[in-house]
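For chain B, the structure is supplied; the task is to place chain H on it using the hints.
2 protein chains.
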Amino acid sequence: MKRLYIVSSGAGGMDYITPQAQHAIEASEVVVSYTKYAKELAPLLEGKTLYTSGMTHEIERCTHAIACACEGKTTCIISNGDANVFGMATLVVELMDAKNLWEEIELISLPGITAFLATASKVGAPVSQDFAIISLSDRLTDIGLIDKRIRASLACDFVLGIYNPKSKKRTQPYANFLEALTEVDKRIAIVAQNVGRSEECISITTTHDLIAQGLRNDAVGMNTLLIIGNSTTRLTHNAHVLTPRGYLNKYDLSGEHKQKA
Amino acid sequence: MKRLYIVSSGAGGMDYITPQAQHAIEASEVVVSYTKYAKELAPLLEGKTLYTSGMTHEIERCTHAIACACEGKTTCIISNGDANVFGMATLVVELMDAKNLWEEIELISLPGITAFLATASKVGAPVSQDFAIISLSDRLTDIGLIDKRIRASLACDFVLGIYNPKSKKRTQPYANFLEALTEVDKRIAIVAQNVGRSEECISITTTHDLIAQGLRNDAVGMNTLLIIGNSTTRLTHNAHVLTPRGYLNKYDLSGEHKQKA
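Protein chains in written order, with the UniProt record's numbering: chain B, 1 to 261; chain H, 1 to 261.
Okay, chain B solo, but in the shape it has when bound:
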């Protein structure tokens, strides 16, 4: 049967890509990718027919990948991070379904390291409790629904991961987000640009600082991932970030149950 892979390449470069994702690329004759990601994976792409295009050409890339698979060429389409987290999985499946190609092409999707988890690993242990992941892009999602989700997440004390916080042309959802942050107590905020890449830059700050900097904050753009801690998130003695899970409320350092007072 003809085969199409959706390959999640992880948070950047060759460090994060799983063995099964590498094998899928090896097994493919054609590789379809956003131009930047193809450059990062160059060692894996030698001898492959490569089709790349820029941002906002997602439908074009998916359509091309499906067409190549239909021609009988084993094909993979690369999605950075994880294909299910604001990546290519949904569009490939939606197009495959619209064309009803399920009898013709076997589709295999492989997961990857999403930017939220890559960022979390770099700053200590900011996530231990329940969390919500929200994209501030209102290109395909109603801006009111985004705002509702932000406010609900803050109200029930989720750790928050924010994707696509703003771009030059798209600032209103981020303005709404900052407005929502003014209505809760100060929390720790992590601002991560280009995580997993050579130009990676991560800073640990507070929601009050984000609010003070407002829309002019150049560290917040299309390649930025934000993590907002919950009400228990704190700095460690070495200025890293910790959201305690609560073990040490219940157990002592040797793992024994604490006596109740």
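Think of the hints as simulated: they come from the structure by calculation, not from any bench. Note that this is a predicted model, so its numbers are computed, not measured. It cannot be assumed that every hint is accurate.
To be verified - Below are the BS3-like pairs computed for lysine-lysine, each with C-alpha atoms no more than 30 Å apart in a straight line:
(1) K186(B) - K250(H)
(2) K168(B) - K168(H)
(3) K148(B) - K186(H)
(4) K169(H) - K148(H)
(5) K148(B) - K169(H)
(6) K169(H) - K36(B)
(7) K169(B) - K258(H)
(8) K250(H) - K99(B)
(9) K168(H) - K258(B)
(10) K169(B) - K250(H)
Claimed, not checked - Restraint ranges, calculated between C-beta atoms of paired labels, are given here:
(11) S53(B) - H208(H): 36 to 46 Å
(12) G72(B) - A212(H): 37 to 47 Å
(13) A239(B) - P19(H): 53 to 63 Å
(14) W102(B) - K73(H): 46 to 56 Å
(15) V184(H) - I143(B): 18 to 28 Å
To be verified - Over 12 Å on every C-beta distance to chain H, these chain B residues come out as not near it, computed from the model:
(16) E29
(17) Y37
(18) E46
(19) L50
(20) E71
(21) G72
(22) A132
(23) K186
(24) H208
(25) K250
Don't be surprised by glycine CBs; every beta carbon is placed ideally from N, CA and C.
Quick look at chain H alone, frame taken from chain B:
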């Protein structure tokens, strides 16, 4: 400087572990792990000093790993899935901070494929929109807060990932969860046991079926991950799951902007 790694091994076995995680294990003299995960990673552990223990001995394992690193042995502690998602990261950082060992030990944490994303990749593209990840374990989290988070997530139409839904002794949070599901329209539900392992079993059903089966549902236990779709999640023609991102509302199949009516 002495070094301790927190290694996320991914969703199971050797397929999901990243190159950087493999390198960290290679660089370690001592490997500390839950017994089951050590067996799965056996090809990587030859020649290492291995310390394993069973479930609920997390503090013991962390304490031992830190002690080995203090002795100058490069050590890694294995966390299945991703160490930040109900894994070992928070406890290691909390213990390191309580003992203020930051000058003595360099701690390096590496991310992995969490079960939610591994499961999502197996059933189509169930996640394309904002989502919330909630553990139903009330061992360390207030049961009322868990319930509040479930209800808030359903009210703002998050896709939901549920970890640790129930165990033999712990059923009340799952009962509360089913009660919350009765108050929203029927949604698609994915029930995944042991994802990424040889005994993997995934079924696609509905929230009404979960409610009907109630607490006696044997497919829901400690090794189960649930995904609840949002209000737009639907089945594809091949009975997989799709949460459309909305591209095809705005663009036609060739990627051109649709004309406004």
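Comparing the hints with the structure gives:
The suggested pairing of K186(B) with K250(H) is violated, with an alpha-carbon distance near 38 Å, which exceeds 30 Å. For the hint pairing K168(B) with K168(H), the CA-to-CA distance comes to about 52 Å; that exceeds 30 Å, so the pair is violated. In summary, the hint linking K148(B) to K186(H) is supported, as the alpha carbons are separated by about 21 Å, within the 30 Å threshold. About 22 Å separates the Cα atoms of K169(H) and K148(H), which keeps this hinted pair within 30 Å; it holds.
Annotation: proposed proximity of K148(B) to K169(H) is violated, straight-line Cα distance about 36 Å (limit 30 Å). Between K169(H) and K36(B) the alpha-carbon distance is near 50 Å, which puts this suggested pair outside the 30 Å criterion. Taking the CA atoms of K169(B) and K258(H), the gap is about 21 Å. The hint holds against a cut of 30 Å. Restraint check: the Cα-Cα separation between K250(H) and K99(B) comes to about 17 Å, which is no more than 30 Å; the hinted pair holds.
Distance hint between K168(H) and K258(B) is fulfilled; the C-alpha atoms sit about 24 Å from each other, no more than 30 Å. For the hint pairing K169(B) with K250(H), the CA-to-CA distance comes to about 18 Å; that is within 30 Å, so the pair holds. Here the CB-CB span from S53(B) to H208(H) is close to 43 Å, well matched to the stated 36 to 46 Å. G72(B) and A212(H) have their C-beta atoms about 45 Å apart, which keeps the hinted 37 to 47 Å range intact.
As the Cβ distance of A239(B) to P19(H) is approximately 29 Å, the hint placing it in 53 to 63 Å is violated. Separated by about 52 Å at the C-beta atoms, W102(B) and K73(H) satisfy the suggested range of 46 to 56 Å. Between V184(H) and I143(B) the CB atoms are about 23 Å apart, so this pair conforms to the stated range of 18 to 28 Å. Every CB of chain H is more than 12 Å from the CB of E29(B) (nearest about 22 Å), matching its label as outside the interface.
The beta carbon of Y37(B) is kept farther than 12 Å from every beta carbon of chain H, the shortest such distance being approximately 16 Å. With 12 Å as the threshold on Cβ separation, the claim that E46(B) sits away from chain H holds: the shortest Cβ distance comes to roughly 18 Å. Against the 12 Å criterion, L50(B) stays outside the reach of chain H, whose nearest CB is about 19 Å from its own CB. No Cβ of chain H approaches the Cβ of E71(B) within 12 Å, the least distance being about 18 Å, so the stated non-interface status holds.
Taking the minimum C-beta to C-beta distance to chain H, about 20 Å, the non-interface status of G72(B) holds against the 12 Å cut. Taking the minimum C-beta to C-beta distance to chain H, about 4 Å, the non-interface status of A132(B) is violated against the 12 Å cut. The non-interface label for K186(B) is consistent with chain H: the shortest C-beta to C-beta separation is roughly 20 Å, beyond 12 Å. For H208(B), the shortest C-beta to C-beta distance to chain H comes to about 23 Å, beyond the 12 Å cut-off, and the non-interface label holds.
Separation of K250(B) from chain H is inadequate, the least Cβ-Cβ distance of about 7 Å not exceeding the 12 Å criterion.
Hint check: violations occur at hints 1, 2, 5, 6, 13, 22, 25; the rest are consistent with the structure.
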